[in-house]
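S.K.: For reference, the chains in residue letters:
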Amino acid sequence: MLDTNKKPTILFSDEQEQLLEVASNFCRDRFPMSETRKRIAADEDLSRPLWDEMASLGWLGIAVPEEFGGSGLTLGEVVTVVEPMGEHLAGTPLISTTLAAQALLKAGTRAQKETWLPKICEGAIATLALSEPDGDWALERIAASATASGDTLTLKGTKTFVTDAASADLVIASVLFEGKPALVLITRDALAAGKLTREIVIDETRRSYRLDLDGITLPKSALLDADKTPAALNHIDQAACLLLSAEACGGANGVINVTIDYLKTRKQFDRYIGSYQALKHPTVDALLAMEAARSHLYYAATVFGDGIEGEVAVRMAKAQSGSALAFASDRSIQFHGGFGFTYDCDAQLYRRRGIWCEAQFGDATHHRAKLAEILF
Amino acid sequence: MLDTNKKPTILFSDEQEQLLEVASNFCRDRFPMSETRKRIAADEDLSRPLWDEMASLGWLGIAVPEEFGGSGLTLGEVVTVVEPMGEHLAGTPLISTTLAAQALLKAGTRAQKETWLPKICEGAIATLALSEPDGDWALERIAASATASGDTLTLKGTKTFVTDAASADLVIASVLFEGKPALVLITRDALAAGKLTREIVIDETRRSYRLDLDGITLPKSALLDADKTPAALNHIDQAACLLLSAEACGGANGVINVTIDYLKTRKQFDRYIGSYQALKHPTVDALLAMEAARSHLYYAATVFGDGIEGEVAVRMAKAQSGSALAFASDRSIQFHGGFGFTYDCDAQLYRRRGIWCEAQFGDATHHRAKLAEILF
Amino acid sequence: MSDNTPSPAELDAFRQEVADWFTANKPTDPGFLLPQSFMEVGTDEQFYFLRDWQKKVYEAGYLGMAWPKEYGGGGKPQVLQDIVTREMVKQKTPFMTNTIGLNWAGPLILNMGTEEQKKAFIPGILSADDIWCQGFSEPDHGSDLGNAQLKATRDGKEFVLNGSKIWTSLGRHAKHMILLARTNQNTNNKYEGLSFFLIPMQIQGIEVVPIKKLTGEFGFNQTFFTDARIDESCLIGKEGGGWQVAMATLAFERGAVGGQAGGHAMNSKHVSEVVALARTAKRNGKPAIEDVAIRDELVQLIIDERSQALNSSRARIKPLTQERPSSIPMSGKLIGSEYGRRLNQFALSLQGANAAYYVGDPLAYDGGLWQRSYFNAFSGTIGGGTSEVQHNIIGERVLGLPKS
Amino acid sequence: MSDNTPSPAELDAFRQEVADWFTANKPTDPGFLLPQSFMEVGTDEQFYFLRDWQKKVYEAGYLGMAWPKEYGGGGKPQVLQDIVTREMVKQKTPFMTNTIGLNWAGPLILNMGTEEQKKAFIPGILSADDIWCQGFSEPDHGSDLGNAQLKATRDGKEFVLNGSKIWTSLGRHAKHMILLARTNQNTNNKYEGLSFFLIPMQIQGIEVVPIKKLTGEFGFNQTFFTDARIDESCLIGKEGGGWQVAMATLAFERGAVGGQAGGHAMNSKHVSEVVALARTAKRNGKPAIEDVAIRDELVQLIIDERSQALNSSRARIKPLTQERPSSIPMSGKLIGSEYGRRLNQFALSLQGANAAYYVGDPLAYDGGLWQRSYFNAFSGTIGGGTSEVQHNIIGERVLGLPKS
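Protein chains in written order, with our numbering: chain A, 128 to 503; chain B, 128 to 503; chain C, 37 to 440; chain D, 37 to 440.
Careful: at least some of the hints might be erroneous.
To be verified - Below are the DSSO-like pairs computed for lysine-lysine, each with C-alpha atoms no more than 27 Å apart in a straight line: (1) C:K354 with A:K394; (2) B:K134 with C:K128; (3) A:K497 with D:K318; (4) C:K112 with A:K322; (5) C:K112 with B:K134; (6) C:K305 with B:K134; (7) C:K354 with B:K134; (8) C:K369 with A:K394; (9) D:K369 with A:K391; (10) B:K394 with D:K211; (11) D:K248 with B:K391; (12) D:K318 with B:K322; (13) A:K134 with D:K305; (14) D:K322 with B:K307; (15) A:K497 with D:K211; (16) D:K439 with C:K439; (17) D:K439 with B:K391; (18) B:K497 with C:K226; (19) A:K355 with A:K233; (20) D:K211 with D:K274.
As the list claims (entries may be wrong) - Every beta carbon over 12 Å from chain C, so not counted as near; a handful from chain B, in silico: (21) L200; (22) E305; (23) P346; (24) A491; (25) H494.
The hints are simulated quantities; they were obtained by calculation from the structure and are not laboratory data. For each residue, glycine too, the CB sits at the ideal point set by N, CA and C.
Chain A on its own, in the form it takes in the complex (with noise of 0.2 Å):
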């Protein structure tokens, strides 16, 4: 059981503050709505350009360790360049290229991490396929399969949500292999056409894929370490969690911004309307939400690996996280008013985020329950 009388402190590094700043000055020059909005119109994926920009500023290879061409920093650095990515609803292949990359560190062999972690550093994009098409959230839950013959691997199943897979050099999915949870690498050059399905998702910034495994065949060798996949399996669930409350976090920050600016600005009975109690009030306790989320967030990103703590923390900041956008994107909208119901409102293009970002590994109520084995 956690001590609850123990005082939790936040750390924050140098490397942080620093990731930060530049992270968030990227966003706003690089993705402001007007841009969001064209590349959800024209149904395009992230500009290659902009892409290698991220990939130069060390982006990729935040928590990847020096000897594979990163800056040997943690995940916790990650999340101060995804919060402001959360705020300006950017959707790049960021979060799908760390967790990949996360993956090969905590399961990978050492060919697998030399061959690819350098690659990712400089701009490589890899994914993961882990959900399958019921829904659920337990990641052990795999139905998905792989068998071997010989040297050969043949894949059966399908997987979804596989984001940035049609531009993803990578992708490394979990199947059960003699009974057991495991992953596997599949390049690019293995996926035969009409492989890759674009999946319709509620969140237009996104590019999410159905994966039909059927009848793909890998060589034994693109199997990860059996002995470390379980383990790999938590970790990536917890790294995911964590990123996207940070995705959350900035999320539910921007949409405050969104209705604070036309509480500000809109005039109804003669007055501004943000001085009407029955708005301003509910916009206190969304930037309040918020702002418990960015603590958890933070204190999720110091204690991040660390045993119980570090997952009490980042489901923690998942449960609260996911809420606070929740809560506030849906105000956004219904204090917009007429104009809230229109696509032309930004408050809508959050609320499509929050519904992804709570749907992707787990609202709160599901983290509840898993806090709930935990600490009772």
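Please arrange chains B, C and D on chain A, whose structure you already have, making use of the hints.
M.R.: Frame of chain A; chains B, C and D shown alone:
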């Protein structure tokens, strides 16, 4: 499973209409808040003349068949008397006595009914002893016991929340007898001095006692009909929920009126405080919760005893009314500001009643869990 | 409307006949997601599908059954139409898409229109050959109808229209509009300057521009009027008497008075459908409905949905509403619309990772209906006076609290 | 305050010494329910018990450790006092009851008082021989301190006090009061007419009337002043400079600046205690903590309690608060007080039928502490600016929203 597509219909009889009007006037007249406060301060039981007046109005026999001296109506008619009593925070033995009469009706032997029901209709006070020191709401979990030796029963254990016991002519207690729940009838003369201890309860309009059963001996004829006891306990549970719902609905309406009066007359910063949306809107929410509770209440009164439909309705009424009173009275304290923090403000009296109503026979969470068992 | 009231046996037989007809004739899945109300009709394929369905129902004799025969109605007792309407709800058939015609314009014309207007308009309303739309709300003062600014300037026997109306559903398919416009700028009382018109939509100077909704779909429009000329015969009621006509129309719309053609106008989501969803969706390998936290919320939703039905039932019992007779009628819109938003949002939370699918993805539950329905629920909590304004109204008019 | 900063080893040794002392000396259950803060001291037996405890702590050298030796303090580094205070919280010892003296008046006098005042007042504050109370709030304008109306009219070398103050905790036991009063009715700026006094309570013309709280207990008073005369030497700060002194005092109270004597002032309820309650209370024959709906709420409360600690931690990290630096500091009171109310209310819901017991019943959980604590929680959500006013303040000052 319940057919949720079926449109539920509330029926309201002429008798209910008449009783509601008479009881509303009676309560307005006899139970002004000043009298309630006097009675609390004096720590007195209800005045006997007032009780006799209630008896002479026929209220103790409303749901008792004519053959036993009652009116032969239903608990649905009792609801219309209890609701205005709840509005005025009257603390009378009406609910205790009505429930005890129901226990006799459902499980009493012919002799017990013939002896006691006419007396009750004429003004004898009766009560139930069901709760035990662990405060568990599951009435069938009983630690108290009766053991037979020849024609004599010896009781053991402690019953709690035996309301109005000191003035009662009759207490019906639940005990385990031969391994099964049983009800025993304890007359006033069987209670030696010291068997009843006044309890300190949050609702100061109540007179509640702890009953020490140890060593009480009764003739075996004090047992109610064993075959009918399980059904009777179930019936009592639902009847208590129905009447407590009526009391809570009345209370919610009463405290909403207290709040509204203050919001209309108190000024702060040169405006009537009721003009502030931060107070106005939650007060509207309290109103709507109360209106919903009242609709559930009168539907529960309509279908009371009608199998699953009846049980579902009464549990919904109990859940909704308890929450409505809790919310309305909690907000009433808050909206009275500094005055709300004083004993002189009536809001606290309703808040105390609200805690009582939720604590007796289960709160909303408890009943929702029971409903889930029935509905899903 | 008829002298020969049907006997209980006749009613039973009719009930059975109707049930059989709808079972046999209700449309099968068209292969695309249908809207839940006329306000959501966003594509031509949706529109033509729904128009054909209304026509089929009408031609079977099941719409406008109590409207006069001489204008295309059935001339039968209202009770028969009510049986049909209930059956349509029960069988969850698509709604009658010419809603404005059937529930607003039709009753108004039958009640206040000239013989010519009745002959000209009523048959097409029932058959869905002539679609109607409404022009009440304007940009910038949504709920404040009395403040309508669209100008109708008299020019001999014509009026010239200038201005704009918003939220005109079916505006692109409509042949006619009921329009509230300002014929006099200089009245002391803003209400006295308003007049009410039945206008043709296919004339010069009227442009209908679709509004893209937060769902990404269409359904609402903004209608721009630029020197559009209409004949004075388009007036209904007196010049300057538009406010009274508008209030009468809204009374028809709310069903506060009789006269609607029948058929249901909306396929609202019900908690029973969310319960069904909870039985399907998986959580930790088990149906979501086995999760205690989910059960708890589901029960609360069932209680809240039933509260609304029970409120309606209690509203008809005078002794049980005498302290605040307007409380239930005035709060129905607030309660219902907020409930709808909450129900849909909860339905999303049941779907696990798949909550992130949207309309059109084959893996989306019910075709993405819940996602769309959650977004569309804001039309209820925003349109026709936001929930915040509703709270004010109830606080002030029901509880007598001072104005904000 | 001391040059010789203790070494880590010395600190560790001191920590152990302190822990041992409190373990050995903390009072046993007095047989009656203790208050959770000085505002709740309602009976003489509570008061004397708490006063004796403070005296014992002081005499052991564990209070005012960093205050100057010449006035009865310990003259030691603040870090030692902080260790003691933390240990008191950890061991849940009773609080230091002379709160106004230790945290408000004492720091103020040490900071702004004359040598005579320091000599006269500080030792009695620490030993609890001289209890202090405060006279800031007045009836009818609770939160609007600057609007204080109690008159202090100069008459030669004296001031004559007329008016009333409310919520004066410990008023009946206090020897002194810190008082904010109006010495000038005719200033342009209402703040400039205020002066600040340290006054004796046991003089003619001061009457302390207990206020019965919603708990049924006492603890607050209303203090009436009728031609009460005090010497001008009671002034602290300049005549007309009372507002600045009051603001400085409130800064001490909030702990925003150093100078408090140490020791904790409140035994707040924590969620860990509610978890313990949930393990004890029964529901359907099983511990309440096994009920999934209860677990879900408990976890949310744990998250919310931790939010507050984490907010405090984050508030010290500038880059993580730069967008709205005042957001966390300004919202702490609102969040903490609403959390307290919610936590206590939830604690009641765990108790089944026994939630209906009250203070004094032997079967009440923890002596009825939760019931009382729930009621007392309203002092947090109402006192010092209601939660509604706090929402306004945050909306306007942190988010820049227009005034209501």
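S.K.: Now tell me, hint by hint, if it's right for this structure.
M.R.: Structure-based check of all given hints:
no. : hint               : in the structure
1   : C:K354 with A:K394 : violated (41 Å)
2   : B:K134 with C:K128 : holds (16 Å)
3   : A:K497 with D:K318 : holds (23 Å)
4   : C:K112 with A:K322 : violated (60 Å)
5   : C:K112 with B:K134 : holds (25 Å)
6   : C:K305 with B:K134 : holds (16 Å)
7   : C:K354 with B:K134 : holds (20 Å)
8   : C:K369 with A:K394 : holds (24 Å)
9   : D:K369 with A:K391 : holds (26 Å)
10  : B:K394 with D:K211 : violated (35 Å)
11  : D:K248 with B:K391 : holds (25 Å)
12  : D:K318 with B:K322 : holds (26 Å)
13  : A:K134 with D:K305 : holds (16 Å)
14  : D:K322 with B:K307 : holds (20 Å)
15  : A:K497 with D:K211 : violated (55 Å)
16  : D:K439 with C:K439 : holds (17 Å)
17  : D:K439 with B:K391 : holds (22 Å)
18  : B:K497 with C:K226 : violated (56 Å)
19  : A:K355 with A:K233 : holds (7 Å)
20  : D:K211 with D:K274 : holds (23 Å)
21  : L200               : holds (16 Å)
22  : E305               : holds (35 Å)
23  : P346               : holds (45 Å)
24  : A491               : violated (8 Å)
25  : H494               : violated (9 Å)
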